[in-house]
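Chains B and A are the protein sequences, given in the same order.
Every letter in the first sequence is one number past the one before it in the numbering used here, and letter 32, counting from 1, is 32.
Every letter in the second sequence is one number past the one before it in the numbering used here, and letter 146, counting from 1, is 328.
Take the hints with a grain of salt, since some may be wrong.
Keeping only pairs whose Cα atoms sit at most 16 Å apart, straight-line, the calculated EDC-like set for lysine to aspartate or glutamate is [said to hold, decoys possible]:
no.: 1; chain 1: A; residue 1: Lys-198; chain 2: B; residue 2: Asp-116
no.: 2; chain 1: B; residue 1: Lys-134; chain 2: B; residue 2: Glu-119
no.: 3; chain 1: B; residue 1: Lys-57; chain 2: A; residue 2: Glu-224
no.: 4; chain 1: B; residue 1: Lys-57; chain 2: A; residue 2: Glu-217
If you are wondering where the hints come from, they were derived from the structure by calculation, not from laboratory data.
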Amino acid sequence: MPHAEQEIIRNLRQESSRNEAFKELVLRYQERLYWHIRKIVISHEDADDVLQNTLMKAWKNIGSFREESSLFTWLYRIATNESLTFINSRKRHSLLSIDEVNEVLKNKLETDEYFDGNEIQKKLQQAILSLPEKQRLVFNMRYFEEMPYQQMSEILNTSVGALKASFHHATKKVEEYISTFE
Amino acid sequence: MENQDDINRKLVEAGKDLPFRVPRNYFIDFPARMEALIEGEEEKKKGVKLRLFDYLKPALGIAAAFASVFLLVYWPIKLVTNPALLSSSQARESEQIINLVEHVDDHTFLSLLESENKSEPLDDEILERYISANYSDLDILMETHK
Chain B
1 MPHAEQEIIR NLRQESSRNE AFKELVLRYQ ERLYWHIRKI VISHEDADDV
51 LQNTLMKAWK NIGSFREESS LFTWLYRIAT NESLTFINSR KRHSLLSIDE
101 VNEVLKNKLE TDEYFDGNEI QKKLQQAILS LPEKQRLVFN MRYFEEMPYQ
151 QMSEILNTSV GALKASFHHA TKKVEEYIST FE
Chain A
183 MENQDDINRK LVEAGKDLPF RVPRNYFIDF PARMEALIEG EEEKKKGVKL
233 RLFDYLKPAL GIAAAFASVF LLVYWPIKLV TNPALLSSSQ ARESEQIINL
283 VEHVDDHTFL SLLESENKSE PLDDEILERY ISANYSDLDI LMETHK
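Chain B on its own, in the form it takes in the complex:
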């Protein structure tokens, strides 16, 4: 674990330095966590809510962080779980199927005022949104963030082999979707 992370954890566990250490944690990881969340929930407002929930959860549970993984991996795992919980709660509340939820996300993409990509970028995002949940996570983490499989394995609690297979299937589906675009 990097020295800076160890210092943040040590300070977070002391009452006197807790607030300052948490500010440092937010400054250090907010952007990476935000973009990870945004790729899952699509709209900025939802990403903002989920980021707040993620960091609040980290604040409340830092005492139970056992340092078996890096602080960043731990935060990433919370962010992933919070994002999926957010989407699934939407699914439950509005009694939507998985396909319908994906359609809702695609619509958000169309109407999102903070989307400023071109047509081919929109098509790529729509292709990603048509993937099953796990493949979508894997594709985003590997394609955009170029995250190593080992780190993805720790975050998603899935074997490296299974992740490679998921990425392969996801890539094929995305390519197929893209190929229909003129």
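Starting from the structure of chain B, add chain A where the hints point.
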């Protein structure tokens, strides 16, 4: 379906940059918003603790009042109106003595009784010391010439 080269060309065109943006100064303002959120949460936690004590305070007051009434009024009145409570404590003491005696075997008990009845024979020397310590010469003279 297009060939792989066309697909690759499109993916290159799409690039790996995310086509999203955030409101102006979002990442500058976010830490302060998060800090305020946590402060609010901490206040809420303190508030919950305070409310819990506030809820318990009247109940604790009533319990303390009952305890005081019991100790200062009820118990003394009960002692006065019901002397059996006092005698019961005396009865407990005698019971304790009986229990003690029951634990002493017969032989030890008899030897204790015998040792109390035994009186040492008085010799002249002891008698002389006792009389000289407790009586004056005049008393002795008067007593012997009665």
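Checklist line | Violated hints - listed by number, lowest first | finding: Hint 2 contradicted; others consistent.
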